[in-house]
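Asks: Chain by chain, the residues run as shown.
There are 2 protein chains.
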Amino acid sequence: MKKYVVAILGATGAVGSRLISELEQSSIPVKDVKFLASKRSAGKKLKFNDQEVIVEEATPESFENVDLVLSSAGGTVSKQLLPEAVKRGAVCVDNTSAFRMDENVPLIIPGVNEQQLIQHKGIIANPNCSTIQMVAALFPIYQRWGLEQIIVSTYQAVSGAGQSAWNEMLQQAQERLDNEELVANILPTAADKKHYPLAFNLLPQIDVFEDDGYTHEEWKMIHETKKILFNDQDSSRIKVTATCVRVPVEIGHGEAVYFTVEDKSAVASEIQLEIEQTPGLVLQDKPQEQIYPQPLLASGKRDTFVGRVRADNENPGAFHMWVVADNLLRGAASNTVDIAECLVKRDLVRVP
Amino acid sequence: MKKYVVAILGATGAVGSRLISELEQSSIPVKDVKFLASKRSAGKKLKFNDQEVIVEEATPESFENVDLVLSSAGGTVSKQLLPEAVKRGAVCVDNTSAFRMDENVPLIIPGVNEQQLIQHKGIIANPNCSTIQMVAALFPIYQRWGLEQIIVSTYQAVSGAGQSAWNEMLQQAQERLDNEELVANILPTAADKKHYPLAFNLLPQIDVFEDDGYTHEEWKMIHETKKILFNDQDSSRIKVTATCVRVPVEIGHGEAVYFTVEDKSAVASEIQLEIEQTPGLVLQDKPQEQIYPQPLLASGKRDTFVGRVRADNENPGAFHMWVVADNLLRGAASNTVDIAECLVKRDLVRVP
Numbered sequence: 001m002k003k004y005v006v007a008i009l010g011a012t013g014a015v016g017s018r019l020i021s022e023l024e025q026s027s028i029p030v031k032d033v034k035f036l037a038s039k040r041s042a043g044k045k046l047k048f049n050d051q052e053v054i055v056e057e058a059t060p061e062s063f064e065n066v067d068l069v070l071s072s073a074g075g076t077v078s079k080q081l082l083p084e085a086v087k088r089g090a091v092c093v094d095n096t097s098a099f100r101m102d103e104n105v106p107l108i109i110p111g112v113n114e115q116q117l118i119q120h121k122g123i124i125a126n127p128n129c130s131t132i133q134m135v136a137a138l139f140p141i142y143q144r145w146g147l148e149q150i151i152v153s154t155y156q157a158v159s160g161a162g163q164s165a166w167n168e169m170l171q172q173a174q175e176r177l178d179n180e181e182l183v184a185n186i187l188p189t190a191a192d193k194k195h196y197p198l199a200f201n202l203l204p205q206i207d208v209f210e211d212d213g214y215t216h217e218e219w220k221m222i223h224e225t226k227k228i229l230f231n232d233q234d235s236s237r238i239k240v241t242a243t244c245v246r247v248p249v250e251i252g253h254g255e256a257v258y259f260t261v262e263d264k265s266a267v268a269s270e271i272q273l274e275i276e277q278t279p280g281l282v283l284q285d286k287p288q289e290q291i292y293p294q295p296l297l298a299s300g301k302r303d304t305f306v307g308r309v310r311a312d313n314e315n316p317g318a319f320h321m322w323v324v325a326d327n328l329l330r331g332a333a334s335n336t337v338d339i340a341e342c343l344v345k346r347d348l349v350r351v352p
Numbered sequence: 001m002k003k004y005v006v007a008i009l010g011a012t013g014a015v016g017s018r019l020i021s022e023l024e025q026s027s028i029p030v031k032d033v034k035f036l037a038s039k040r041s042a043g044k045k046l047k048f049n050d051q052e053v054i055v056e057e058a059t060p061e062s063f064e065n066v067d068l069v070l071s072s073a074g075g076t077v078s079k080q081l082l083p084e085a086v087k088r089g090a091v092c093v094d095n096t097s098a099f100r101m102d103e104n105v106p107l108i109i110p111g112v113n114e115q116q117l118i119q120h121k122g123i124i125a126n127p128n129c130s131t132i133q134m135v136a137a138l139f140p141i142y143q144r145w146g147l148e149q150i151i152v153s154t155y156q157a158v159s160g161a162g163q164s165a166w167n168e169m170l171q172q173a174q175e176r177l178d179n180e181e182l183v184a185n186i187l188p189t190a191a192d193k194k195h196y197p198l199a200f201n202l203l204p205q206i207d208v209f210e211d212d213g214y215t216h217e218e219w220k221m222i223h224e225t226k227k228i229l230f231n232d233q234d235s236s237r238i239k240v241t242a243t244c245v246r247v248p249v250e251i252g253h254g255e256a257v258y259f260t261v262e263d264k265s266a267v268a269s270e271i272q273l274e275i276e277q278t279p280g281l282v283l284q285d286k287p288q289e290q291i292y293p294q295p296l297l298a299s300g301k302r303d304t305f306v307g308r309v310r311a312d313n314e315n316p317g318a319f320h321m322w323v324v325a326d327n328l329l330r331g332a333a334s335n336t337v338d339i340a341e342c343l344v345k346r347d348l349v350r351v352p
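Sequence order for the protein chains is U and V.
Using UniProt numbering, you'd call the opening residue of the first sequence number 1 and step up by one each time.
Using UniProt numbering, you'd call the opening residue of the second sequence number 1 and step up by one each time.
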């Protein structure tokens with residue numbers, strides 16, 4: 001059996017630590033691992049299957065003799081280093097937004113569109129966390145009844161903004177409980193000028209604003225969804241729009257998804273059944289028993305949890321659902337490792 | 001000038017304390033006040049305009065010689081005591097859901113439909129907190145361009161569930177920060193069987209579930225909106241649907257409102273202008289300067305804050321906006337006292 005040298009780029013981050021454990025639990029035959037990070041983190045000691053691995057500084061040369069790169073070190077690092085890795089023969093699964101809309105880069109959710117992996121030229125992109133769980137939940141519905149329109153409001157956990165933002169929010173929570181002033185230096189996004197507290201607050205800004213008044217996060221949900229479902233062909237077939245809000249939750253994005261199907265014979269009970277029968281989706285939908293998805297219940301799980309499925313009785317073919325998933329696993333590390341597993345199974349760990 | 005004896009029913013609660021301060025700051029000529037509460041709270045000492053007022057147990061006889069009742073002591077208490085108050089000649093503004101859908105009870109947002117006050121038979125209802133801020137923000141848009149459809153996702157603060165739920169959520173936050181187990185005995189609603197932590201979590205249940213899978217809170221937003229805008233006539237003219245979610249915020253509901261106007265010539269910049277020119281609405285909408293509504297900024301304010309106004313470019317006449325207001329003030333005490341002021345100004349403080 002072929003075995004692979006796997007590099008994890010950004011190994012010391014919140015997603016990086018989960019990439020390591022997901023890789024440990026995966027079916028990928030690992031010959032050796034390399035844990036790469038910034039110069040600042042080089043020298044740190046991590047574990048892989050109980051063996052100590054010393055974190056190395058990521059440079060173009062780090063990728064010599066590497067077969068597979070799992071990357072989650074930020075868009076700038078990906079843009080700079082992944083082409084260098086590909087040059088050296090490594091196939092890269094990238095968890096940043098750097099290459100997602102590149103027409104030469106497949107944007108993959110296994111279970112939805114992994115057949116597009118065959119087109120890869122060395123880099124495969126992992127969609128945005130908020131996109132993955134929404135599209136995963138909608139896909140069986142799309143396949144059976146078609147989709148006309150998606151309107152989503154997100155409730156996104158702070159861990160999606162990185163470990164330092166996560167720490168800041170917990171610190172702010174303690175400040176509030178101690179009746180001290182809340183200090184904000186990172187959130188809503190380190191990339192923008194102003195910073196606001198998130199603890200016990202809501203921030204309707206994730207990533208920076210585009211000129212049209214949408215945030216880049218909202219833009220991602222719209223355009224990534226179309227790319228995944230239509231592979232850039234005929235992307236006007238489904239209308240997609242979004243409002244993305246950061247909420248004071250540690251792990252687990254919530255999404256209130258309102259969607260309209262083409263085939264108006266769809267009913268809520270059959271949508272529930274379709275979700276229940278789809279691998280990777282878990283139906284939690286018993287209102288009378290107060291069973292519905294919650295971030296605290298989804299945290300640490302690989303699945304996407306769906307509940308509150310119900311018809312909009314005034315609008316034929318329109319439904320609501322409430323989707324929750326662990327943004328660091330389902331929305332990031334698990335999807336990345338699932339892609340890598342698909343590449344291995346299809347013998348696509350080679351730069352064409 | 002006519003002066004009024006005003007009773008505050010539920011004076012010791014989270015909304016009650018705000019009813020007191022709103023009444024102090026109002027234009028209502030107050031001859032005397034009575035602070036009423038449950039037997040348990042009787043004897044407590046509160047202030048009105050720096051004068052000590054001893055809380056009395058609310059009984060039918062408490063309303064003898066009272067002109068005006070501002071009520072926020074829960075639906076059961078309202079159902080039992082307000083008819084007794086009306087019998088004794090008092091006009092009641094009720095902040096609970098007890099009478100809202102009663103066809104003999106006007107459901108009022110001053111600035112929207114206070115002309116319906118003239119029909120009152122002794123009881124006037126204050127809409128649900130989440131309904132008030134949404135309808136207040138939509139009303140100028142409705143007047144100028146008409147409305148076809150409203151799809152709202154709410155992000156509701158814990159204080160809307162009462163002081164004990166609020167305390168529980170803060171306690172849970174401290175438990176999390178101390179790495180202890182989170183204890184839940186009240187949330188999502190004391191009226192239901194199961195209880196879940198809200199701190200660092202999301203609960204897609206506010207109030208109990210109806211048979212159709214919607215919560216009663218969602219039902220309220222749908223039916224109260226139609227009653228306010230159409231006074232029970234032709235309520236199918238606007239489609240309204242909602243998903244209501246409790247979030248770990250202390251004060252200030254957020255709402256992602258998606259709406260479709262009848263007149264497709266509407267543009268986002270004119271909607272912004274219309275909002276800016278409406279008394280009681282504050283436009284906070286400069287994305288490039290990161291200006292948008294936030295609960296922490298709205299807390300303690302009487303206004304409704306609107307931002308993130310933008311067109312859905314794939315759906316003509318469709319727009320998003322993000323609406324935030326203090327649920328205890330704008331969504332409760334301020335609206336109640338505004339109704340009382342309207343009653344005084346129109347000389348309607350009399351049971352017909």
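Just so you know, the hints here were simulated from the structure itself, not pulled from any lab data.
Predicted model only: the values in this text are computed from it and were never measured.
Please note: incorrect hints may appear among the correct ones.
The following label-pair restraints were derived from C-beta to C-beta distances [as the list claims (entries may be wrong)]:
{"no.": "1", "chain 1": "U", "residue 1": "Gln-163", "chain 2": "V", "residue 2": "Arg-346", "range": "46 to 52 Å"}
{"no.": "2", "chain 1": "V", "residue 1": "Glu-314", "chain 2": "U", "residue 2": "Glu-276", "range": "27 to 33 Å"}
{"no.": "3", "chain 1": "V", "residue 1": "Glu-210", "chain 2": "U", "residue 2": "Gln-277", "range": "25 to 31 Å"}
{"no.": "4", "chain 1": "U", "residue 1": "Lys-121", "chain 2": "V", "residue 2": "Ala-191", "range": "53 to 59 Å"}
{"no.": "5", "chain 1": "V", "residue 1": "Glu-314", "chain 2": "U", "residue 2": "Lys-194", "range": "43 to 49 Å"}
{"no.": "6", "chain 1": "U", "residue 1": "Gly-89", "chain 2": "V", "residue 2": "Asp-192", "range": "34 to 40 Å"}
{"no.": "7", "chain 1": "V", "residue 1": "Ala-191", "chain 2": "U", "residue 2": "Asp-211", "range": "43 to 49 Å"}
{"no.": "8", "chain 1": "V", "residue 1": "Ala-191", "chain 2": "U", "residue 2": "Lys-194", "range": "38 to 44 Å"}
{"no.": "9", "chain 1": "U", "residue 1": "Glu-276", "chain 2": "V", "residue 2": "Glu-270", "range": "42 to 48 Å"}
{"no.": "10", "chain 1": "V", "residue 1": "Gly-75", "chain 2": "U", "residue 2": "Ser-164", "range": "31 to 37 Å"}
{"no.": "11", "chain 1": "V", "residue 1": "Asp-102", "chain 2": "U", "residue 2": "Ala-268", "range": "26 to 32 Å"}
All residues carry an ideal CB built from backbone N, CA and C; glycine is no exception.
Asks: Is 27 to 33 Å right for how far apart the beta carbons of V:Glu-314 and U:Glu-276 are?
Replies: Given a distance of about 31 Å, which is inside 27 to 33 Å, the answer is holds.
Asks: Take a look at whether the Cβ-Cβ distance between U:Lys-121 and V:Ala-191 falls inside 53 to 59 Å.
Replies: holds, 58 Å
Asks: Using the C-beta atoms of V:Gly-75 and U:Ser-164, is the stated range 31 to 37 Å upheld?
Replies: violated, 46 Å
Asks: Are V:Ala-191 and U:Lys-194 spaced within 38 to 44 Å by their CB atoms?
Replies: holds, 41 Å
Asks: Please test the hint of 26 to 32 Å on the beta carbon pair from V:Asp-102 and U:Ala-268.
Replies: holds, 31 Å
Asks: State, for the Cβ atoms of V:Glu-314 and U:Lys-194, whether the hinted interval 43 to 49 Å holds or is violated.
Replies: Given about 30 Å between the Cβ atoms, the range is violated.
Asks: Holds or violated: the 25 to 31 Å window for the beta-carbon distance between V:Glu-210 and U:Gln-277?
Replies: holds, 27 Å
Asks: Is 42 to 48 Å a correct range for the gap between the Cβ atoms of U:Glu-276 and V:Glu-270?
Replies: holds, 46 Å
Asks: Has the hinted range 43 to 49 Å been met by the Cβ atoms of V:Ala-191 and U:Asp-211?
Replies: Distance hint for V:Ala-191, U:Asp-211 holds at roughly 47 Å.
Asks: Is 34 to 40 Å a correct range for the gap between the Cβ atoms of U:Gly-89 and V:Asp-192?
Replies: violated, 58 Å
Asks: Given the hint of 46 to 52 Å, check if U:Gln-163 and V:Arg-346 actually sit that far apart at their C-beta atoms.
Replies: Hint violated: Cβ distance 58 Å, outside 46 to 52 Å.
Of the numbered hints stated above, those contradicted by the structure are hints 1, 5, 6, 10, listed in ascending order.
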